[in-house]
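Visitor: Sequence:
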Amino acid sequence: MGVVAVALAVWPASPRGGGSAGGGPAAVRSAASSGPAATATSPAPSAPTAAPTATVTTTRPVPTPPPSRRAGTPTTPPAAEKAPSAGKSAPAGRRSIVIVNHTSQTVWAVATGTAAYPRGRELAPGAATSLVVGNSWGGRIWGRTGCTGDASGHCLTGDCTTTCGGPVTPTTLGEFTFDAFDGMDFYDVSMVDGSNLPMYVNISHTATTDPLTPAGCYRGTCTRAVDCPTAMQATAGGHVIGCKPPCAAFGGDTYCCRGAWAGREHCVPAKWPVDYTQVFKKAEPYAYSYAFDDAATMACKGACYYRVTFGTS
Numbered sequence: 001m002g003v004v005a006v007a008l009a010v011w012p013a014s015p016r017g018g019g020s021a022g023g024g025p026a027a028v029r030s031a032a033s034s035g036p037a038a039t040a041t042s043p044a045p046s047a048p049t050a051a052p053t054a055t056v057t058t059t060r061p062v063p064t065p066p067p068s069r070r071a072g073t074p075t076t077p078p079a080a081e082k083a084p085s086a087g088k089s090a091p092a093g094r095r096s097i098v099i100v101n102h103t104s105q106t107v108w109a110v111a112t113g114t115a116a117y118p119r120g121r122e123l124a125p126g127a128a129t130s131l132v133v134g135n136s137w138g139g140r141i142w143g144r145t146g147c148t149g150d151a152s153g154h155c156l157t158g159d160c161t162t163t164c165g166g167p168v169t170p171t172t173l174g175e176f177t178f179d180a181f182d183g184m185d186f187y188d189v190s191m192v193d194g195s196n197l198p199m200y201v202n203i204s205h206t207a208t209t210d211p212l213t214p215a216g217c218y219r220g221t222c223t224r225a226v227d228c229p230t231a232m233q234a235t236a237g238g239h240v241i242g243c244k245p246p247c248a249a250f251g252g253d254t255y256c257c258r259g260a261w262a263g264r265e266h267c268v269p270a271k272w273p274v275d276y277t278q279v280f281k282k283a284e285p286y287a288y289s290y291a292f293d294d295a296a297t298m299a300c301k302g303a304c305y306y307r308v309t310f311g312t313s
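For the sequence shown, full-length UniProt numbering gives the first residue as 1, with consecutive numbering after it.
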């Protein structure tokens, strides 16, 4: 039997509401956001990353099951293993980010520009980790899966690129730019680089209404695993480990938005031979599905707290 280590995760109650190659944090990617939660049109570049501290809320060791035939397919953890939902506030000038593993497999959570990077924090199914970062932090959060040893070596998904500013394809990304414009944060979930895990983000500690429910539902549609076409599946050892973006799966100027298809005006999925962005939109309608899907940029006013969940509703 495993041993349960108990710690406090920082996450005050969230207000309930209705509902690149990744281009970096949302405020950098989009100069004119029209997102469902956005309230500004011209965010400035993010401030330099502040040095954070990291607090770990882990973990009850649970055997990792074999990879699912569907990428990132989760199961609901037993009630006793669910991550805590409330805790103390972060110090003045700091923010709380809680990362929860609500899948059936072990995930190593990475947050760029923090002490949890580059190896990540090991999260057994149902476990969580909490980070405290500065008000001007900006970066990416993702999960590594199928890692050997302590995740310092190779992982089947989520491994770093040569720059270590982002992972290799396919990987689901959470992107954040704090205090980007007029006291607002900009954030998003991106599947521009494909998907290895379901992911959704909730906000709290703010007057802004969370566009997602605490369970990850958006305007009546809930987060689910990507139903990936065979031609887009990333596999290892006979198992599906992720869903590639159309550029990586098929190549060509059309799906890669280059040549005659380059730029926002010409990169129009509705004009592709097949609109493969819908593969991702059906699973996570609030997420970026291609590089110019700027309606997916969301905003949070004030010193917002965040909860990032790997898993489905």
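Heads up, some of the hints might be wrong.
With a cut-off of at most 27 Å between alpha-carbon atoms, the simulated DSS-like pairs for lysine-lysine come out as follows [stated by the list, open to error]:
{"no.": "1", "residue 1": "Lys271", "residue 2": "Lys282"}
{"no.": "2", "residue 1": "Lys281", "residue 2": "Lys301"}
{"no.": "3", "residue 1": "Lys281", "residue 2": "Lys271"}
Across the chosen pairs, the derived CB separations fall in these ranges [said to hold, decoys possible]:
{"no.": "4", "residue 1": "His239", "residue 2": "Val268", "range": "47 to 55 Å"}
{"no.": "5", "residue 1": "Arg219", "residue 2": "Gly263", "range": "38 to 46 Å"}
{"no.": "6", "residue 1": "Asp227", "residue 2": "Gly252", "range": "21 to 29 Å"}
{"no.": "7", "residue 1": "Ala115", "residue 2": "Gly252", "range": "39 to 47 Å"}
{"no.": "8", "residue 1": "Arg258", "residue 2": "Thr209", "range": "19 to 27 Å"}
{"no.": "9", "residue 1": "Ala236", "residue 2": "Arg119", "range": "50 to 58 Å"}
{"no.": "10", "residue 1": "Gln278", "residue 2": "Thr235", "range": "17 to 25 Å"}
{"no.": "11", "residue 1": "Asp253", "residue 2": "Pro229", "range": "27 to 35 Å"}
{"no.": "12", "residue 1": "Thr235", "residue 2": "Asp275", "range": "22 to 30 Å"}
{"no.": "13", "residue 1": "Gly251", "residue 2": "Gly183", "range": "17 to 25 Å"}
{"no.": "14", "residue 1": "Gly153", "residue 2": "Asp182", "range": "41 to 49 Å"}
{"no.": "15", "residue 1": "Gly220", "residue 2": "Glu265", "range": "40 to 48 Å"}
{"no.": "16", "residue 1": "Thr235", "residue 2": "Arg119", "range": "41 to 49 Å"}
Honestly, the hints are just simulated from the structure, not real lab data.
The beta carbon of each residue, even a glycine, is placed where N, CA and C say it ideally should be.
Visitor: Any of the earlier hints contradicted here, and which numbers?
Guide: 4, 5, 8, 9, 11, 13, 15 and 16
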